[in-house]
Every structure is written in C-alpha cells, then in structure tokens.
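J.: So the chains spell out like this:
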Amino acid sequence: MGAGHHHQLYRPGDTVVHRLPPQCKLPAVAAFAVVVVATPRDAFWAFGVHALLLAGVAAAARVPAGFVLRRMVVEVPFVIFALALPVIGLGARVEVLGVSLSAEGLWAAWNILAKATLGVVASILLAATTEPRMMLLGARRLRLPQTLVQIAMFMLRYMDVILDEMRRMRVARESRGFAARDVRQVPVLAKSAGALFIRSYERGERVHLAMLSRGYNGSMPIIDDVRASAASWAVAAVLPAAALVTAALSWSLS
Amino acid sequence: MTPSPSLRVQRLAYAYPDGTQALFGVDLTIGRGERVALLGPNGAGKTTLVMHLNGILTAGHGTVEVAGLPVRKNTLGEIRRRVGLVFQDPDDQLFMPTVREDVAFGPANLGVRGAELEHRVKEALERVGLPDIADRPPHHLSFGQRRRVAVATVLAMRPEILVLDEPSSNLDPASRRELAEILRSLDVTVLMVTHDLPYALELCERSLILSGGVIAADGPTREILADDALLAAHRLELPYGFAVADRPS
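Chains A and B supply the protein sequences, listed in that same order.
Numbering-wise, the first sequence is residues 1 to 254 according to the working numbering.
Numbering-wise, the second sequence is residues 1001 to 1249 according to the working numbering.
If we strip away everything but chain A, and leave its shape as in the complex, we get (with noise of 0.2 angstroms):
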C-alpha cells in the first residue's frame, strides 16, 4: 500500500504472516486463544510451549518485541485486576516473603495473567500483520453479518473525519476563554458531545444519500476480495494445532 501513514496497530511489512489472507489468521487467533484458555493452569511448560509458539510467529513476522511489549499497556486493568486476588482471595493461606497470602488466589492470579497475556500477544500479532481493512475484509469472507462488517468499515473511515471535528470543536470552545478545570464545566462538554453526536449522524445521512447515487442496494458491492488457497489455511493453522498438541499433552500429563 503506497501510504505513508498507518494505523499504529500495524507495522507494515511482507512475510508469510502478513501475506496470509485475513480470513485465515483471524480463526487461527481465536482458536488459539480457546485452546490456551483450555489448558490446564498447573502445566506451566505447556504455557511456555505457548509462549514460544507466539515468539516464533513474531519472529517470522519480524515484529520486535518491543512493538509487542508497548502495545501490551491495554492489559493493564486486567493486571491490577489479577494481582488484587491474592490479597482478597479465601482459603488456605501461604507466606510469600512475609506476607500472607491466598494459595487458591495466588492459582486464579496466575491463571489470568498466562491466558490472558497469550491472548493479548496473539490479537496484537494479528492487528501488527493485518491492516484494518484487510481484517474487514476477512471478516466478510467469513460471512460475518454485513451490517455489522460494514458499521465497522465505516467506523474505520470516519474515526479521523469525526476526531478533526472534535478537535474543531474545542478550538472553538478554547478561543471563547473556555478551559475545563472542574465538574462545572461538565455541562458545557456534556453539549458538545450531543453537538458532534447530532453533526456525525446528519453526515450518517449524507453518506446514504451519496451511497444511493451511486446504485447502493443495501449490500456492498465485492471489490476487493482475497482468497485462500488450501496451503494459506494449512499455514495458519500451525499455530493453533501446534498449541492444540500441547495442551493434549498436558491433559494427558495431569
């Protein structure tokens, strides 16, 4: 793609990850992500094996781990979330340096911390190889319901036009001498925000309109489409099975 701004999610680049077609990688992560979730929490090497699986397909993708380690800040409600639970938890109790606490919430810390972790590094692989609109197109290949594909695409479309509005928005408030120091400048925002929400939706009607006048029916034409050969499933599929195999194994183990 000849632009030179991207999404901050993607990290542009042509190797075999991000040559798959979406409509592979995307099943490929959500499986991946139910079989993590099936994997018992004591078998702590198969949540090793997992991680590696995850680095090897970073690797191949040449996303550095940096890129992925940044973009991990979204986890971080989940964390705090995670390391509350000893404290809180109930039961039999365990001294780690000097402080006590829960064994079984020490297990559910633990527990969410790997699943979720693995499962935020995949979704962050599949969004740093697979741009936006390549996801959508996926998802329609996947026969996702269109209304929702499209609400997406234009969301997609319109994000900027909508934040330059908002943006518009609060010079104008600014240049009048408006600055929002405390709760009583709530109401002023509390309109603004119904102002844009009214200004998108009549530009929700515009673009209707302007879908019409050019024969729109109610489904969006195929334009671009991506297909996957038999070979692009086989490849995304080595992610999930490879951790299908050990999470077998440790069920079998335990």
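I should point out that these hints are in silico values taken from the structure, not numbers from a laboratory.
Keep in mind that a hint or two might mislead.
As the list claims (entries may be wrong) - Quick list of simulated restraints, FRET-style, between CB atoms: (1) B:S1142 <-> A:V74: 57 to 65 angstroms; (2) A:Q185 <-> B:T1075: 34 to 42 angstroms; (3) B:G1068 <-> A:L142: 43 to 51 angstroms; (4) B:T1075 <-> A:L189: 23 to 31 angstroms; (5) B:E1205 <-> A:A172: 41 to 49 angstroms; (6) B:E1205 <-> A:S200: 34 to 42 angstroms; (7) B:T1075 <-> A:A241: 24 to 32 angstroms; (8) A:N217 <-> B:A1233: 17 to 25 angstroms; (9) B:S1142 <-> A:S175: 18 to 26 angstroms; (10) B:G1114 <-> A:T15: 27 to 35 angstroms; (11) B:L1069 <-> A:Q185: 53 to 61 angstroms; (12) A:A193 <-> B:R1032: 29 to 37 angstroms; (13) A:R167 <-> B:R1032: 41 to 49 angstroms.
All residues carry an ideal CB built from backbone N, CA and C; glycine is no exception.
The hints should help you fit chain B onto chain A, whose structure is shown.
T.: Below, chain B without anything else, positioned relative to chain A:
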C-alpha cells in the same frame, strides 16, 4: 430524429412531507454536451431539484427524464448510472477505506468486475489528473484532491450528465482552476449548481436562475450576469470589483 436531451424536467413540483412547498413547477431542458449553471440564492430549492434528478426524491407532480428515460421506481438503477451526482462535501461522497475502492463502488454496484473494473478506476482517476493515488485513504488527501476524487467516483459510472453541487466551495484558487480545467476537458453534459457567479461564467455558456421554486431566468451566462436588476431580484450578486465584459475577450 434528434437524440433526446440529456435532461428534461417538466412541470416538476414538490412539497416536503411537512408541507413546505419547495418546487412550484420547474421546466428545463439540457441538451447533450451542454454545460449549464444552475444559479439561485440559498433556499431557492436547488438541492431539492438536484435530489429529483437521480430519484432520491420522487416528483410530487411533473416528470424528470434523463436521456429519454423517465425517473421511476423501476428505472432507478439505470437513472443513477446516468446521473452522476457530486456532493458538496467530499467527505460525504468518499466513504470507502481507499480511493480505489471508492471509485470502484459505483461501477461495482452496476455489476462491473475484474479487469474492466480496474480499467474504469484507472481511467476515471486519470481524467481528474490523479492517476497515482488509488491506494491512499481519502482522509490523507488535500481538500482539492478529495473533490477531484469525488468527481472521479461518478465518472467511473460513465454518466450521461454530471451534476455538481457547489463544486468550487472551499477550494483555494489553484484547486479551483485545476477543477475548472478538468471539468472543461470532460465530454459529458454538466449541470453545475452554484452561487459562485464568476465560476459559472468561466465554465458555462448557459445559466438558469432557480428562485422561489421556479426557473426565473434561462439564457447565456454572460447576459444573465450583466443584468443587475435580474440578479438583484433573486438575491444574487457579483463579487466586489467584478464586472462582466460585453463581449468575450
């Protein structure tokens, strides 16, 4: 037998659902290959009239024909191919993630696919002088480029008549001139809705004034713009310091 005109509107009247009458019997004919300006003050019914041309609004009374085909429910598909409507705000018109998909949207709705679709996109972008931007997302283009892409999105449908709503609005002088050059180079019928009177003079031999829901004047742009009394009666004014010479220079 002479070919049917690009556009024929007869006794068109329309009232909005709330009862506001916007058009009171509009008659106009635009011949093939003509470039015509539709002038009128705000609230004259210009946009309402435009919405009738491709059947977004349907006539309360009267008829609209595009190259001989009447606008009816069962002809809407073909009508919308024949009438290329370019909206005022290119952000309303360009709704796809990339320019290429946007230009392809219209012809794809007509069932064009594959190599022919690629060809249509390429040709339309070349005609507006932007052959290299197909893979860019629309919001990364300049305003002038977006307006030109908006023109390309309807050119790709190979329309009989191009209808532009305020084509010069918000353009800087260079973009304005570039768009004028593009419009002049096209071999389609053009109906240009505007109150940019110098732009109408520059591009259109003939002008119509829509005022109070009827066509109040129809004639050569130069004569209409030289008639101060006529302009004043319909809340139209030439920009300060602008005078229409009696003869083309």
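J.: Work down the list of hints and note, for each, if the structure agrees.
T.: Right, here's what the structure says about each hint:
1. Judged by the Cβ atoms, the range 57 to 65 angstroms given for S1142 (chain B) and V74 (chain A) is violated: they are separated by roughly 34 angstroms.
2. Separation of Q185 (chain A) from T1075 (chain B) is about 55 angstroms and departs from the stated range, judged on CB atoms against 34 to 42 angstroms.
3. Look at G1068 (chain B) against L142 (chain A): about 45 angstroms separates their beta carbons, and that is inside 43 to 51 angstroms.
4. Evaluation of the 23 to 31 angstroms hint for T1075 (chain B) and L189 (chain A) yields a failure: the beta carbon distance comes to about 49 angstroms.
5. The hinted window of 41 to 49 angstroms between E1205 (chain B) and A172 (chain A) holds, with their beta carbons roughly 42 angstroms apart.
6. The supplied range of 34 to 42 angstroms is met by E1205 (chain B) and S200 (chain A), whose beta-carbon atoms lie about 41 angstroms from each other.
7. Taken as a hint, the range 24 to 32 angstroms is violated for the pair T1075 (chain B) and A241 (chain A), whose Cβ atoms sit roughly 55 angstroms apart.
8. Range check, N217 (chain A) to A1233 (chain B): Cβ separation about 43 angstroms, and the 17 to 25 angstroms hint is violated.
9. A C-beta distance of roughly 25 angstroms is found between S1142 (chain B) and S175 (chain A), which places it inside the suggested range of 18 to 26 angstroms.
10. Take G1114 (chain B) and T15 (chain A): their Cβ atoms lie about 28 angstroms apart, and the range 27 to 35 angstroms holds.
11. One distance hint, 53 to 61 angstroms for the beta-carbon pair L1069 (chain B) and Q185 (chain A), holds here, with the actual separation near 57 angstroms.
12. At about 50 angstroms, the CB distance of A193 (chain A) to R1032 (chain B) disagrees with the hint of 29 to 37 angstroms.
13. Checked against the hint of 41 to 49 angstroms, the pair R167 (chain A) and R1032 (chain B) passes, with Cβ atoms roughly 46 angstroms apart.
Checked against the numbered hints listed earlier, the structure breaks hints 1, 2, 4, 7, 8, 12; every other hint is satisfied.
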